[in-house]
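Same order as they appear, the protein sequences are chains A and B.
To convert, take the position in the first sequence, counting from 1, and add 23; that gives this note's numbering.
To convert, take the position in the second sequence, counting from 1, and add 4; that gives this note's numbering.
Treat the hints with care, as some may be off.
[Claimed, not checked] Which residues of chain B face chain A? A few of them, derived with a C-beta cut under 7 angstroms, are:
1. VAL91
2. PRO102
3. LEU111
4. ALA112
Simulated from the structure, these hints should not be mistaken for laboratory data.
C-beta atoms are modelled at their ideal positions from N, C-alpha and C, and glycine is treated no differently.
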Amino acid sequence: MILRRLIGYALFCAGGASVAYAGGRYAVGAWKQQEARRSWEESEARAVVALARRMLAMDKGSAPPIAPGAPVARLLIPRLRLDEIVLEGVDDNTLNAGPGHLPGSAYPGERGNAVISAHRDRHFARLGAVQVGDTVVTESGANRQEWVVISKRVVDADAPALFRTTEETLTLTTCWPIRYFGIAPERLLLTAKPVKGRARETPSVAAASVT
Amino acid sequence: MVRTVFIGAALMLAANVASAQITTYVAPPRPLAPSPLMVAAADSARGDSLAQAAMTNMKVWVDSAAGVSIPSHVGDSTVADPGRPVVTTTFEDGSVAPATASALPTLALLGAIVCIVGAILLAARHRVSP
């Protein structure tokens, strides 16, 4: 009887601790995403200036690194009503707070492959519903870019999947299958190309570039 | 019984100590008187080795001499270890997708199941106890 009671208490406490930990991580992630959104909206002008300066520096071949966890872009998929603030980095804490921009890849709006990743159980939970031909929008402070999804593929988790491109490319990745018990063994990759003539520079960028 | 175990342990310890102390002495061969030809060959070999070490990367040279395989390129971002999965932290051509796999949903589900089982056990105890 005592053994049964002890086992009951132990299971209840262990299970409760696991649920509390997972719930806490989700709560912290949601709170950080809200913080990132507020920061993005409040400091958009500064972000614009920072990005403009970065792009100017890139022309000189010396791009300063962006701090891990800093908001770098806004990602929208209108059909899914997805609206997320993209943070710099793909470490655990960053991906817990929001989609992460893979350091070293291009930023949306720059020439090259811009890679954005997120967890399947959080910010990219509906990414599986994206279809070829869907529109994706990125706002990186410097510009607003519309993209069209041109491919959707699933690869093994350890398969080479990301490659340099000479043209502007947007790659969104998450784990696959979306509904999976355990560590998902595959990755979903969406590739998008910019819609020609839809890029729009914000007026403040022009001002920032001049100053 | 305790005495037998004690004697056994003492014997094992003694055997270990004894094996460390009793060693065989092997006398080194008596060195031969160096001939001028051998001295010249040794100097030449030493000079060649020094020249090679000076010309190339020392670490690479030592590793290659020790038979350690050296990767042609070690990136900062992709850590390749046979025992561990590859983790991408920065973009490189041909890198794998970032590790977005998370154990949190599984942890939450398992935790909930375990918690419910524990609650059932406790509730059953309360039902039985009156």
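For each hint, the structure was consulted:
Evaluation of the B:VAL91 hint against chain A yields a violated restraint, the C-beta minimum of about 9 angstroms exceeding 7 angstroms. Checking B:PRO102 against chain A: minimum C-beta separation of about 4 angstroms stays under 7 angstroms; hint holds. For B:LEU111, the interface hint holds, the least distance from its beta-carbon to any beta-carbon of chain A being 5 angstroms, beneath 7 angstroms. Among the interface hints, the one on B:ALA112 holds; its C-beta lies about 4 angstroms from the nearest C-beta in chain A, closer than the 7 angstroms criterion.
Hint violations for this structure: number 1 only, all remaining hints satisfied.
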